[in-house]
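Number of protein chains: 2
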Amino acid sequence: MYPDNSLVRDISRMQQSNYGREGFSHITVTGALAHGTKEVEVWLQTFGPGQRTPIHRHSCEEVFIVLKGKGTLLLGSSSLKYPGQPQEVPVFQNTTFSIPVNDPHQVKEKGCHLYAFLLCLIQ
Amino acid sequence: MYPDNSLVRDISRMQQSNYGREGFSHITVTGALAHGTKEVEVWLQTFGPGQRTPIHRHSCEEVFIVLKGKGTLLLGSSSLKYPGQPQEVPVFQNTTFSIPVNDPHQVKEKGCHLYAFLLCLIQ
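Protein sequence lines correspond, in order, to chains A and B. When you line the first sequence up against our numbering, it's residues 1 to 123, in that order. When you line the second sequence up against our numbering, it's residues 124 to 246, in that order.
These are computed hints drawn from the structure, not numbers from a lab. Hints may contain errors.
[Stated by the list, open to error] With a straight-line cut-off of 20 Å between C-alpha atoms, the simulated EDC-like cross-links for lysine to aspartate or glutamate are:
(1) K70(A) x D133(B)
(2) K68(A) x D133(B)
(3) K68(A) x E22(A)
(4) K193(B) x D103(A)
(5) K161(B) x E184(B)
(6) K204(B) x D226(B)
(7) K108(A) x D133(B)
(8) K38(A) x D133(B)
(9) K191(B) x D10(A)
(10) K161(B) x E39(A)
(11) K38(A) x D226(B)
(12) K231(B) x D10(A)
(13) K38(A) x E184(B)
(14) K233(B) x D10(A)
(15) K161(B) x D103(A)
(16) K110(A) x D133(B)
[As the list claims (entries may be wrong)] Interface residues of chain A toward chain B, partial, derived using beta-carbon atoms under 10 Å:
(17) E22
(18) G36
(19) V42
(20) E61
(21) P90
(22) L119
None of the values given here were measured: they were computed from a predicted structure. Where a beta carbon is used, it is the ideal one built from N, C-alpha and C, also for glycine.
Based on the sequences and whatever the hints tell you, model everything.
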């Protein structure tokens, strides 16, 4: 296995974790703790049948790039006083979307194992 | 074609530009001007035979994810008083590397058209 501090690292050999969630996989492709980046992290996550992120938000932008599979993005707005009804939009292979700072959001798998890069800033 | 302000955008339908460089292709997957992101940009670039980036540096971290092809990364260090000899490391499909802030670097295609995501922060 490539050591974490290699200049060039092979993603296919990186350690996966499911954090106790069946059908979920997380790889820290580029990370602050693992690789010393100071500004940006990149994750590769796979969501199996029925898997979803929690509804959550954070004070940095996040960009998703969907490599395979199908899913649904639910996106609320931080500019509303009350949550209201989130936008619900299908996502699929080769699509991208970005989550504005602090907007509540959730991503759900809807077929074929959703497989995506997630990029987010280090706080 | 999907309008640029769509919440979810299809990367395969995005406009490509070669900026006058034969064998080069650039797509702004997520950008400040095109899509209103405030913190991060994502580019998809293809380097044809013999194509290379200029030797350059910038005051933000940059992460490369190589999707296809082969190339060479040349990386100097901003911590040296003189440029010295850069590290020269092969890169290939499914590898990743990050460029520290201000470190001079160059990426060269070395076979099979180098096809990579580049992620960088907005200044």
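Hint by hint, here is what the structure shows:
{"no.": "1", "hint": "K70(A) x D133(B)", "in the structure": "holds (13 Å)"}
{"no.": "2", "hint": "K68(A) x D133(B)", "in the structure": "holds (13 Å)"}
{"no.": "3", "hint": "K68(A) x E22(A)", "in the structure": "holds (19 Å)"}
{"no.": "4", "hint": "K193(B) x D103(A)", "in the structure": "violated (38 Å)"}
{"no.": "5", "hint": "K161(B) x E184(B)", "in the structure": "holds (15 Å)"}
{"no.": "6", "hint": "K204(B) x D226(B)", "in the structure": "holds (12 Å)"}
{"no.": "7", "hint": "K108(A) x D133(B)", "in the structure": "holds (18 Å)"}
{"no.": "8", "hint": "K38(A) x D133(B)", "in the structure": "violated (30 Å)"}
{"no.": "9", "hint": "K191(B) x D10(A)", "in the structure": "holds (13 Å)"}
{"no.": "10", "hint": "K161(B) x E39(A)", "in the structure": "holds (14 Å)"}
{"no.": "11", "hint": "K38(A) x D226(B)", "in the structure": "holds (14 Å)"}
{"no.": "12", "hint": "K231(B) x D10(A)", "in the structure": "holds (18 Å)"}
{"no.": "13", "hint": "K38(A) x E184(B)", "in the structure": "holds (8 Å)"}
{"no.": "14", "hint": "K233(B) x D10(A)", "in the structure": "holds (18 Å)"}
{"no.": "15", "hint": "K161(B) x D103(A)", "in the structure": "holds (14 Å)"}
{"no.": "16", "hint": "K110(A) x D133(B)", "in the structure": "holds (18 Å)"}
{"no.": "17", "hint": "E22", "in the structure": "violated (26 Å)"}
{"no.": "18", "hint": "G36", "in the structure": "holds (8 Å)"}
{"no.": "19", "hint": "V42", "in the structure": "holds (6 Å)"}
{"no.": "20", "hint": "E61", "in the structure": "holds (4 Å)"}
{"no.": "21", "hint": "P90", "in the structure": "holds (7 Å)"}
{"no.": "22", "hint": "L119", "in the structure": "holds (6 Å)"}
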